[in-house]
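The primary structure of each chain is shown beneath.
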Amino acid sequence: MTALTDDTLPVTPRAMRDEMILFVVMALLLASVPFTGVYPFFVMQALCFALLACAFNLLIGYGGLLSFGHAMFMGTAGYCSGHALKVWGLPPELGILVGIAAAFGLSLITGYISIRRQGIYFSMITLALSQLLYFIYLQAPFTHGEDGIQGIPQGHLFGVFDLSKPTVLYYVVLVGFLAGFLLIYRIINSPFGEVLKSIRENEPRAISLGYRTDQYKFLAFVLSGTLAGFAGALKVFVAQNASLTDVHWSMSGEVVLMTLVGGLGTIFGPVVGAFVIIAMQQYLAGFGQWVTVIQGSIFVICVLTFRRGVIGEIAHYFRRSL
Amino acid sequence: MQALYAQLLVGLINGSFYALLSLGLAVIFGMLNIINFAHGALYMMGAFCAYFLLNLGGINYWWALLLAPIIVGIFGMILERTMLQWLAGLDHLYGLLLTFGIALIVQGVFQNYFGSSGLPYAIPDQLKGGMNLGFMFLPVYRGWVVVFSLVVCLATWFLIEKTRLGAYLRAATENPTLVRAFGINVPRMITLTYGLGVGLAALAGVLSAPINQVRPLMGADLIIVVFAVVVIGGMGSIMGSIITGFALGVIEGLTKYFYPEASNTVVFVLMVLVLLVKPTGLTGRAA
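Line order of the protein sequences matches chains U and F.
Quick note, the first sequence lines up with residues 1 to 322 if you use our numbering.
Quick note, the second sequence lines up with residues 1001 to 1287 if you use our numbering.
Calculated directly from the structure, the hints in this document are not laboratory data.
We treat Cβ as the ideally placed atom computed from N, Cα and C, and that holds for glycine.
It is possible that some hints are incorrect.
Here chain U is said to cover these stretches of chain F; the calculated rule only asks that three of the stretch's residues, wherever they fall, bring their Cβ under 8 Å from a Cβ of chain U [stated by the list, open to error]: (1) 1109 to 1123; (2) 1177 to 1185; (3) 1253 to 1265.
Could you put together the complete structure from these sequences and hints?
Below, the structure written as C-alpha cells:
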C-alpha cells in the first residue's frame, strides 16, 4: 500500500523560506482584491471554503484520515453563531466564539466515536455522523428546518468595525483566514505535526516507537473540526444565513474535491482548490445540473491521472515542499 | 396493531434493500478493496433500466428482473476495466474518491434528463392485490420483495461460501499472487466480482421501482444508511451483511411505529452505540 500523499521531499530551511515567500505573496494578492474589479463577496466565500479545506487537509494530508463529513463542523458552527447573533443578540466576536465552541464540542464527540476505526471505515463513520446531524437539524426548532436561519445581523466587531460595509467585512474575513492558515501551518511544522506525519506513513511503526497514535489522531481531529467551525462562523457574516445546504453530505464531498484538486497534503493546495471550485460554481451556474457532472469528472480525472493536485504537481516539478 | 405490522413490513422491505446493497458492497470490498460509493447510483440505474425496458422496449417486469442487473452489471464491468483497475495497490481512499466521482457523474446525467421528481413504475399484474393474513393485510408485491431478496441473498451466500468458484474468490482475496500461480485469471475474476456486486445493486433497484418511484437521487441518501449498516455489521462476513441488513430494516420500522421522530436517525444512533461498545462492528474483523 503506497502512502496517500507524495511527501518524500524533506522540509529544509530552504523550503520553509519558499513557503513564507509564497504566503506573503498570497496575503498581498488577497489584500489587494478590494482595489481590483474582482467581486469581493466571491473572494470572501472562497476564503471561508479555503479555510475549511485547509482544516480538512490538516486531517487527511498530515494524519491520513479522510473525513467525509467535515461540512458538519462548518454547518454546526454556522447555525450556532447565527442563532447567537440573531436570537441572543450577541456581538460578532462572541457569536464567532459560540460557533467555534460548538464545533469544538462536536469534534470532541464525533472524534471520540470515529477515531476507533481506520481507513475507509473512518470515512463512512464521519459520513454517517454528519447525516445524523443533518436529520437532527432538519427537525430541531432553532434551525427553522428547510428555511434555515435567515437575515443574520452582521453588527460591529469589537464595537468598532462595521461588518455591514463590504470592505471592512472583507478584511475581517481575510484576517480570520490568514490567522487560521498560519495556525495550521504552525501545527504542521511542530513536533506534533511531525508525529502526525509519521502516523500517516506507518502507524504500526509509530506505535512501536512509543507514541499513543490514537491520542494524536484524536487531537488532530479536534483541531481540524474546530478550525472548520471557525470557517463556518466567518461564513455566517458573508452569507448572512445558515442553512441545511452547509450540513448536507454533498458539501463534505465538495470540501474533499477542493483539497484533492489543490493537492492533498500540500499547504497551499486547499486554498487554490477552493478558489478553483468556487469559481467554477460561480461561472458554470448556467449549466444547471451539469455542474455536478463536471465536478464528478474532475474527481475521476484527479484520482486517475492527477493525484498530486495542482500545487502538488508544481511542488513535485520544482522539488519543493509547498 | 395493524399499523405496527404495517411498519414491520415496511421495515422488512427496507431491510431487503439494505441487505442486497450491503451484500454487494461486501462482495466488492472483499475482492477489490474498494468501498463502492457508486453503489447507490448503480441501484438507481437498475430502477431506470427497468423503466426504460418497459416504456421503450415494452419488456415487462419479469424480464427486467433478469436483464437490468445484467445490463448494469456490464456497465459496472466496463467501469472496473477502464478505471477502477488502475487503482490496485493505491490507498483505499482513492477508490472511495473515484467511485464518489462516478456517482456524481451518473446522478448528474440522470438529473439533467429526468429532473428530480419521480417516474411511476406499475406493479406487474401477477403481483397486484393483497392477501388477508387474519392479523394484517399483506400487499402481494411487498411480500414478494421480501421473499425474493431473501432468496437472492442466500443464493449469493451459497455461491461464495459453498461452491468451488466461491472458494477461488475467497482464496484470491487472501493471496492473489498464489491463486494466479495456479493458473486462475485473477483480473477477470475481479471484473466479474465487481459485475456481480453491481448486479445485486441493480436488482435491488428493479425491486424498489414499483414501491418507491424511479428517481435520479433514489440511491444517494440510501447509500449513506447502507454505509451505516456496513459499519454496524462490520462487513466481516457475507452472512453478517445479510442479517444486519434485515435486522436494521426491522428496527427502523419499529422505531417508525413507537417513536416516528427518530426513524430517520435510529440507524445512525445504533451505529454510534455499537461503535462505542464494539469498534470493529458486530461481525467484523479488525480493519
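Are there at least three residues in the segment 1177 to 1185 of chain F whose beta carbon sits under 8 Å from a beta carbon of chain U? violated (count 0)
Can you confirm whether chain U covers the segment 1253 to 1265 of chain F, using C-beta to C-beta distances below 8 Å and requiring at least three such residues? holds (count 3)
Outcome, coverage hint (the segment 1109 to 1123 of chain F, chain U; C-beta under 8 Å; three residues): holds (count 3)
The structure is inconsistent with hint 2 alone, although it conforms to all the rest.
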